[in-house]
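J.: Respectively, the protein sequence lines represent chains A and B.
Numbers in the numbering used here are just positions in the first sequence, counted from 1, shifted up by 438.
Numbers in the numbering used here are just positions in the second sequence, counted from 1, shifted up by 17.
In case anyone wonders, no lab produced these hints; they're calculated from the structure.
From the three backbone atoms N, C-alpha and C, an ideal C-beta is built for every residue, glycine too.
Errors might be hidden in some of the hints.
[To be verified] Restraint ranges, calculated between C-beta atoms of paired labels, are given here:
hint, chain 1, residue 1, chain 2, residue 2, range
1, A, 603, B, 81, 20 to 30 Å
2, A, 448, B, 64, 22 to 32 Å
3, A, 443, B, 105, 13 to 23 Å
4, A, 572, B, 64, 27 to 37 Å
5, B, 67, A, 443, 13 to 23 Å
6, B, 75, A, 518, 12 to 22 Å
7, A, 565, B, 102, 49 to 59 Å
8, B, 68, A, 448, 19 to 29 Å
9, A, 583, B, 82, 32 to 42 Å
10, B, 53, A, 445, 18 to 28 Å
11, B, 20, A, 532, 45 to 55 Å
12, A, 609, B, 53, 56 to 66 Å
13, B, 105, A, 550, 49 to 59 Å
14, B, 53, A, 602, 43 to 53 Å
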Amino acid sequence: MEDKKLTEKESLEVITSMIARTKFRYLGNANILLMWGYLAVFCSIPVWILLAATQQNVWNWLWFAIPVIGMLLTPIMARREKRTDGAVTYSDKITSHLWSIFGVSEIVLTFICLGFSLIGGIKCWTAMMVYTLIAAPFAEIAQGLIVKEKSLTWGGIVGLAIGMVSVCCVTGKIPLLASWFMPLFILFWVVMMIVPGHIINHKAKKG
Amino acid sequence: MKELNPLLHSQLRLAVMSILMNVEEADFVYLKEKTESTAGNLSVQLDKLLSAGYISVEKGMAGKRPRTICSITPAGRNAFEEYVEALKSYLNL
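Make the full structure from the sequences, and use the hints.
T.: What follows is the structure, encoded as structure tokens:
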């Protein structure tokens, strides 16, 4: 392409051709999504085993490994991806903000739960789990709709269904026993992040 | 009939502006690849758009490599929209 003068028709062709070239920019890789998915699964399995084997609630502190490791790795991976992508689209920015809001709200909720526990002696940590199981699927469904990626939308819908069942169990005072709830929780991360992540990466490799 | 903005009525500058209208920001390599232009020519045209206040350019580092990130300014967005409106009247769209 050169710095040449154009006719009106050529101008229109340049505009439409450039819009088409940027419009069909691929969603990119889903390594961050996969990192969170595998992190949650590989953290849930030992917690499940330890809770079932020892019946000691102290193992629940291991859940904090998910946000701590995830929040350390996400900015590093995001910076690397931004470097290789070359452009940031509006949908990139919206979805990034969406997950950032979710992440910040999780941190705020952690402090609220901690405050309830330390000040009033009230154990409301289940709220964190319920919130995650509802809010994360909504973020994923929204992302799937924005970037038009069905695996994300459907992963989010299945995740939301698991979340709603969990909410009913909590409000109906059905105990979330490790024997049945932990496999369901692991399934939540698999359908929400691992399956869509591999589908997106497979599409990215195919180009 | 409204006159077409001469700064935008050039193949490469119009291509750059069309891309930047569609993304939040794009780096030099991305623009070069999408417009299929040479680095030297692209650099000259980016300077012209920058001088007109149509784009903003941020120079930084990506690891050990220099990275130039371009984004459209509100003035550039207005100019592009006016250009498209004028173009429509020329083409009777």
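J.: Take the hints in turn and mark each one as holding or not.
T.: Tested hints:
1. In this structure, residue 603(A) and residue 81(B) break the distance hint of 20 to 30 Å, their C-beta atoms being roughly 50 Å apart.
2. Take residue 448(A) and residue 64(B): their Cβ atoms lie about 23 Å apart, and the range 22 to 32 Å holds.
3. As the Cβ distance of residue 443(A) to residue 105(B) is approximately 19 Å, the hint placing it in 13 to 23 Å holds.
4. For the hinted restraint 27 to 37 Å between residue 572(A) and residue 64(B), the CB-CB distance of approximately 51 Å leaves it violated.
5. For the pair residue 67(B) and residue 443(A), the supplied restraint of 13 to 23 Å holds, since their beta-carbon distance comes to about 21 Å.
6. At roughly 19 Å, the beta-carbon separation of residue 75(B) and residue 518(A) lies within the given 12 to 22 Å, and the hint holds.
7. Checked against the given bound of 49 to 59 Å, the beta carbons of residue 565(A) and residue 102(B), roughly 53 Å apart, stay inside it.
8. Under the hint 19 to 29 Å, the C-beta atoms of residue 68(B) and residue 448(A), about 24 Å apart, fit the expected range.
9. Take residue 583(A) and residue 82(B): their Cβ atoms lie about 35 Å apart, and the range 32 to 42 Å holds.
10. The beta-carbon spacing between residue 53(B) and residue 445(A), approximately 20 Å, falls within the hinted interval of 18 to 28 Å.
11. Checked against the hint of 45 to 55 Å, the C-beta distance between residue 20(B) and residue 532(A) comes to roughly 36 Å, which is inconsistent with it.
12. Take residue 609(A) and residue 53(B): their Cβ atoms lie about 59 Å apart, and the range 56 to 66 Å holds.
13. Checking the proposed 49 to 59 Å range against residue 105(B) and residue 550(A) shows it holds: the Cβ atoms sit about 54 Å from each other.
14. Range check, residue 53(B) to residue 602(A): Cβ separation about 50 Å, and the 43 to 53 Å hint holds.
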